[in-house]
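These protein sequence lines map, in sequence, to chains A, B and C.
Per the working numbering, the very first residue in the first sequence carries number 1; after that it's consecutive.
Per the working numbering, the very first residue in the second sequence carries number 1001; after that it's consecutive.
Per the working numbering, the very first residue in the third sequence carries number 2001; after that it's consecutive.
No lab work stands behind these hints, which were simulated from the structure alone.
All of these numbers come straight from a predicted model, not from anything done at the bench.
Just to be clear, a hint being listed does not mean it is correct.
Unchecked claim - Straight line, CA to CA, 25 Å or less: simulated PhoX-like cross-link-like pairs of lysine-lysine: (1) B/Lys1100 to B/Lys1074; (2) C/Lys2190 to A/Lys128; (3) A/Lys58 to C/Lys2190; (4) A/Lys801 to A/Lys827.
This is what each chain is made of:
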Amino acid sequence: MPELIIDQRKIVVPEGTKVIAAAEQLGIMIPRFCYHPALGSLGACRMCAVLFKEGPVKGLEMSCMVDVQDGMVVSTTDPEAVAFRKWIVECLMLNHPHDCPVCDEGGHCLLQDETVSGGHGLRRYRGKKRTYTDQNLGPFIQHEMNRCIHCWRCRRFYQEYAGYHDLGAFGIGNRTYFGRSEEGALSSPFSGNLVDICPTGVFTDKPSRFKGRRWDFERAPTLCLNCSLGCNMVASTRYRELVRMEARLNSRVNGYFICDRGRYGFQYANHPERPRRPTVDGAAAAWEEALHAASERLQAIREKNGRQAVACLGSVRTSLESQARLALLCRNQGWPEPLFFSDPSLSRKTRTAVSRLDSTLAVSMKDMEDADLILVVGSDPINEAPMLALALRQAQRRGAVLAVLDPRPVSLPAAFQHVPIRPSRLRSALCALITNAVPHDAAKLADPGRLQYHQRCARVAAEDREIMEQLAALPVQLRKSRRPVIVCGTDVVPETIPSLAADLALLLKQVKDDAGLFYVLNGANAFGAALLSPPDEPSGTMIENIENGNTRALLLVETDPFNRFPDQRRLRDALARLELLITVDYLPSPALSMAHIVLPACTAFETKAHYANQEGRIQTAWPAYEGGTPLSQVSGGTHPPRSFGDDLPGGESRNACRVLADLDAKLSGREENRHPVDLWNRLEERGVSVPRDFPWDENPEVSARVSVRTPEQPFSPGTLSATHDSVTDGAFSLLLVEWTFGTEELSSCSPAARQAENPPFLTMHAEDAAALGLASGDMVLLHLDDTRLKLGVQVAEKTAKGILILPRHRQLDWQGISRIPAMLFKKHIERTEA
Amino acid sequence: MTFDDLIKGLRKQISETHHPRELAIDVMFALQNRDGYLTDRGLREAADLLGMTLLELEETATFYDFIYREPVGKFVIHVCDGLTCWMFGGEAVTDYLCRKLDITVGETTRDGLFTVLPTACIGYCDRAPALLINRVPYGPLTPEKIDTILADLKSAAFRTNGERT
Amino acid sequence: MSEYVLLQDYHPGRTTSLEKYRRRGGYEGLAEALRKWSSAELRQVITDSGLRGCGGAGFPTGRKWEGIRQDAPLPRYILANADEMEPGTFKDRLLIHASPHMIIEGMILAGYAVSAQKGIMFIRPSYETQARIMEKAVEEARQEGYLGTHILGSGFDFDIKIHRSGGRYICGEASAQIKAIQGMRPRPDKTFHMVQHGLWGKPTIVNNVETLAFVPHIVRKGGAWFQSLAEGENNGGTKLYCISGKVRRPGCYEAPMGTRLSEIIEELAGGMLPGCTFKACLPGGASSSFMTREHYHIAMDFDSLKAVGNRMGTGAIIVFDQNTCLVGATLNLIEYFARESCGFCTPCREGLPFTRDLLRRIEAGEGEESFIPLLKDMCHFMTHAYCAFAQGAATPVHALLTFFEEEVREHVRRKKCPYGTTHRWPGTGIEDSCRN
């Protein structure tokens, strides 16, 4: 490991480290513009010039371009280097407009910082400044090209790192222009990162434009809750309004970037109809009153119908503390254990995934970059968990082979093989891969159980005659790989697939240098929900229990069953039958509007809480503000009311955890029941190994994985059982899917994210479309059980046959399906005029 | 050659080459010659023919001096403003042309025939002052010679249907 | 002049035919090399001859060819650089007329020397006429079996394509040229070695066409003969010297490497124009320093010029007389360089317009004393750009301030150009405007 001296301080760093990175480790931030740790070195801006005084390199050189070597002596403060850097800044400022007073970047502008610290002040250039015409780049990014210093970061991020090609560089010299060839919204779902990486104000955050200066904001490290990846962000608030999100570095999870759904999907926290006061039977009430009413009515039901009559539904978007507190509440009150998933199938899949993701197999998104083959099973990353697609791309840039087995017309910003097969055939595909990629070597599969499993897999694969042809080169590639990773979704896949994927990963691990497993779950804290779910399957679904009168009271904690339930009318009828519906939430949801008692909850930005991402990594979200109604909503754009008080307007929302504790205390009449939950104890009780001495809250960057102590048995015969797939002639099965924008619960309530929504359409294979007499762009009436949808059709080549793909889109009234899986026939798909 | 033949010919050329991208500039030049300048439509056709994205081609096209992404006249006059030509009255050549054609540098004459653009150094320093018209060199120039050249081109334009060479 | 090598058949206004070339021994070198020598032997011959690159850098050609490892992958490329956009340089243009087939033969021999299968000639748009000549010559060579498979019955395959540039100075730089050929925005790129990962990631040799044109002759007559043509020690061969400016007979002349500047001006170019006396010259195109009378008799070769702090570059001589304003001349060059800067790195992209603005003001009589140290600093800083473009552009500016500082001061003092030059700022907005 080479050792060098920078500004008279010694440091030893790994081979291949650039001098600029070595300096950073010493706390010396050599000025830079084009260099970025995620984008690498370029050598264009010339800002990082330092003087190499001794050693194998001598003279003024760019510290980002030079690898450290033994014996180097570097000075960042030498007058020659300082003078050169000062001139570089002067050069960059030649054409820079005096925009600071009106530029959003001011206060967190790298150009400002480097200009001041570089020592440049008085203008010596008296010529004209070149100017540009700006473009409308869509709802997220504000474009002001006059400020450009041509650092090339935007183009490199957009094209090289993220793999999208509608933003580039035009022209030549100091007239070079960064933009689109035609005005229009940027197509990349990672476009918001341009705002973070642009060192000046060329690309600024449009939704939060002019809302404040960096020093006006209260900021805190927080987490994105819009999918299960748990990317790290920084929230900024001002005047009781959540103003913007920026990416926060987490070297294991999201790196330096986040996706647009997370960046712009937070505005539900500012929703004007967000519940902010407790209500009882529709009328506003004080907390005491509301809690009292809730406790009384719950007790009444308990007395009349027994403790089993109270059901609780938690959620996948609520914190670990709240989930654990809910479980504790139910235990203390003798109620049935809370459910966290309203869909039992999803619950089973998630719990299997969580159970099988042990620490020997779990990989983070960062780990994935080292894989040489990544197989994605039943997941559509761009639509389900966008940052996963970005991680896949980085792996592919380093030479990894990417393959996706999924019924949808998946697209990725990276070259990949797509095998479009129906969900029911994922089983034979994985079995074929097990059979062909893992050698049937008795010595390695010494365990007879394993050997038997391997043989069963071979039989399953043999039953599907076309699967080997469809898998093409993939089995051979998997066999040749040394460090494969299996990514498995939990949305469209049949219930056996998560464990089958884990079996494949386990088998690969035995015969390869390394193998990894990565699940895409359905919710920010679906992992936690799975951990804290009751170990035994409850009898009957939640809705069945309401319908047959077993459940008389329902407590919803930060959840809305209307979000995913396919039969809206049935759900509405069921909820209407309840004697008591209590909601603790911050979203103005349909369930909330039906509730007898509403208890307003805090969002993740108003309270400190922990969430477990899909990897089992427990991360902390810190409060950015105290909450309350945004000033802009209180004052209607004019001066706020001239009344003064101690309270926080609209600030009555409480941490769900606390609400549950208060309810617990009230119901039991025991103050000791009000105590905060000991999360780690609760998790231990559920069979989760928690590293006790871990400094959980010391540092926002710090996180650790947890996993289940005793996972489900691998290689179980049940895993290979077939899924019933009624492929009757002429029948199409309806596949309900997620989209980047428009389907996810939280971001769908965010006005900024809504602007990026594509109008929903139905997707089908070209052959199916031909059979139905349809072409891309046609409008159809889709007759579902209880609703009729009018929407456009898109025809795709690389999609599974016999499947109609419908997004669970906010703009679609799709929830009129009484049986899942839904089967449709030609008569249900009627071509119509626009 | 009809426009169809041109596209067919380009397609054939592209299919026979190991690296289609190597033909990017040739394709753009061909479509530029066909349409008078490289139009938005021409750029899209080029992208389609080469299997490149519109952006990639636009990024490349806007870099170069001899690819015109805005309308130009039938005869593009690139006046050399290089060092040797400057020493022999290159600026006077530019001034004379502009006065004679009643345009400024960068403009096209009203009849769509001539555009005057600067460029340097065209590599005809032994014939300074020099210029190129549609890449054909002329020099050393005098006002009389310029008159003759312009007149010849004008009458040639009216004689044929103006197919560019 | 002992003997013409490259321009032996040159006739102004005419292009040398294949027959004429063959009558003089054309393609015999190729036949001989294919018959008698291995690739390694051919490389050795070129190395021993001391042939140096004629594109400006003067890098030993044999050493460049040896840079490709034996086990390096195929296919390999020979890139013949006919971009020639250095102001004052037009030798390659003339060479193409003088003998297109000589260049072709040189390319094929270079290909044989490094086991390359593909040759590409990269040519600038203002040489469209010459591009067509080359295309015709390539077709002729194909038909005669000098190009294609099993050339002259050997196991060697080679073919040539003519690649037209869109027109930018930076395309003359090897790594930028690679990108240009690959249909990308050209820019210099130091992250790869041409001989390992050049065009399309394959080993590539980039040679100026003049360099390649010498190869068939060296093959036929030997390195010793080549060295004997030159004047002075450590020199070999002849050189195509371009000379333009205030001389009677501007043109391209072949003379022994190391011929004195005075001889080129007075004998080859017929001396200064009537009424003109020698004030200074640029000996190596726009990226060299002003050479004053002090070195009027200097030997025009790489080492001699380097020894006096100058640069031979392409050997393109531009001669200035007593009535030429050198501030104006320098400004003219900087206008060009600022316009052609690719824009990749800051010192070049911004430093050149900065320099241009200062020189414009000086020339217009609006200059100030403080501009002089500022310009000197900038020249120094511009040497730390990403590639040599900015350094080359800074060279004449630095020379102006070193050798003609008084002329600059006079502009400032008198608040106008003492020579009466009014350099019109091309304020048409063309180079000030944004995207097209």
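Is A/Lys801 close enough to A/Lys827, meaning Cα to Cα at most 25 Å?
-> 18 Å, holds
Is the hinted pair A/Lys58 and C/Lys2190 satisfied, with a Cα-Cα distance of at most 25 Å?
-> 18 Å, holds
Is the hinted pair C/Lys2190 and A/Lys128 satisfied, with a Cα-Cα distance of at most 25 Å?
-> Between C/Lys2190 and A/Lys128 the Cα gap is close to 33 Å, so the pair fails against 25 Å, i.e. violated.
Decide if the proposed pair is consistent with the structure: B/Lys1100 and B/Lys1074, CA atoms, cutoff 25 Å inclusive.
-> With a Cα-Cα distance of about 17 Å, the restraint between B/Lys1100 and B/Lys1074 holds, given a limit of 25 Å.
When each numbered hint is compared with the structure, a violation occurs for hint 2 only.
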